[in-house]
Amino acid sequence: MAHWRPRGDPAMTRPTGKTWLLTLIVVATSGCVSLPLRDYSEREQAIAEIADIPDARFWADDPAAFIKARPAPTPGKSQAMLAISGGSDDGAYGAGFLNGWSQSGKRPEFTVVTGVSTGALLAPFALLGERYDDRIKAAYTTISQRDIYHRRPAPLALLSTSVATTEPLWELLNHYVTDAVIDEVAAAHRAGRRLFVGTANLDAQRGVVWNMGAIATSGAADRYRLFRRVLLASSAVPALFPPVIIDARAGGKPIREAHVDGATAGSLLVVPPGVVTTSGIASTGAELYLLVNGALGGDFKIVKGGILSIAGRAFTLATTSAVREQTATAYLWAKRYGAHYHLTYIDSTFEHGPPHKPFDTAYMNRLYEFGLRAGRASRWALAPPSGDPAAPANGDPADQATPNAGLPERPSLAMPGRALVGR
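As numbered in the numbering used here, residues 1 to 423 make up the sequence shown, in order.
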């Protein structure tokens with residue numbers, strides 16, 4: 001026998017489609033994450049500085065600013081510059097290569113180190129030398145996805161600034177990039193060495209180069225936090241990770257800038273030290289090392305129909321093409337002006353294995369070991385790869401590029417798709 005219930009009894013009421021929609025909106029907006037309210041003009045952005053650190057950064061397309069920030073050339077002494085690219089979990093290759101390079105006994109002390117995205121996380125330790133090799137090995141062989149980010153629930157992600165949050169990555173940065181490490185960067189800066197990190201300013205739509213040594217030596221009360229915030233910003237993949245808000249001042253007005261992954265503006269920040277001078281570009285015999293955490297040729301793969309798969313594949317194509325152009329441009333300028341060019345990247349001899357999730361520990365360990373062997377062998381290409389995607393990185397580079405071919409009359413300092421060089 002059925003039990004009678006009054007009209008409107010919750011047990012007798014089924015939610016309609018409209019009710020479900022309203023419920024979803026209430027739940028989603030209750031946890032909605034958006035950028036903080038920000039209001040400033042283009043003119044204010046143009047004059048904005050970091051409080052108490054006026055030389056903290058400069059636009060990537062401003063050659064005069066780079067000339068001011070670069071180290072002074074030492075007469076009769078060749079300078080070594082290392083540029084480390086982005087590449088997400090493929091940064092395990094760079095970590096392995098640096099360790100192997102140290103073990104070979106051929107790793108120099110760098111005058112300038114630059115980094116973008118995952119390369120920005122490696123860059124401070126590359127500058128400080130092999131005593132930090134164990135630290136970068138641990139950072140790239142013992143972590144997994146949960147140590148980098150937390151995914152938001154799908155309904156919340158649609159109404160938020162990103163698919164995931166980066167609290168785990170921030171904790172990781174605080175663990176590895178300690179105040180003591182930053183103090184050592186400050187000491188290197190005082191000794192005439194430089195550490196530059198690239199981010200992208202979303203508001204201005206321009207690449208930004210951060211002078212990390214200037215931040216470290218500034219004496220500003222929040223210099224340690226700012227140093228780590230810049231590293232976080234350089235790794236903040238748009239949409240996947242939230243933009244990093246960095247406080248600045250335009251005159252007396254506080255403004256809040258939104259910065260994201262430096263690879264958005266250019267995956268490789270190439271600043272040949274000693275090559276650029278105020279009077280022009282001189283032959284100095286500088287050593288230019290490019291460490292690319294990724295492949296430089298296409299890898300065949302059937303794309304699945306999902307939106308994330310298609311977007312990810314397209315992003316990889318865009319960044320790979322940009323890095324190829326950057327490595328080629330850097331080679332041509334190095335040849336014209338007497339710098340010695342060295343390039344390493346993940347070539348076709350690496351077996352990627354079965355599909356894996358981002359920051360898969362087993363994959364990163366295999367890639368680390370591959371990089372370690374390459375570094376021990378000082379496996380450098382002396383020219384960019386040929387058009388053949390299957391060409392190994394350590395092949396004969398003699399005819400892979402033609403010096404000076406197609407060079408513009410004047411170099412560009414823009415990050416996207418170009419080497420960062422200028423007069």
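Take the hints with a grain of salt, since some may be wrong.
[What the hints assert, rightly or not] Here are the in silico distance ranges between beta carbons for each label pair: (1) 39 / 153: 39 to 47 Å; (2) 154 / 108: 33 to 41 Å; (3) 40 / 299: 16 to 24 Å; (4) 179 / 357: 41 to 49 Å; (5) 138 / 239: 24 to 32 Å; (6) 362 / 134: 14 to 22 Å; (7) 348 / 47: 34 to 42 Å; (8) 315 / 247: 43 to 51 Å; (9) 250 / 142: 38 to 46 Å; (10) 254 / 373: 28 to 36 Å; (11) 179 / 134: 14 to 22 Å; (12) 191 / 134: 22 to 30 Å; (13) 299 / 142: 24 to 32 Å.
These aren't lab readings, by the way, just hints derived from the structure by calculation.
C-beta: ideal position from N, C-alpha, C; glycine also.
Looking back at the hints listed earlier, which ones does the structure fail to meet? 1, 2, 3, 4, 7, 8 and 10
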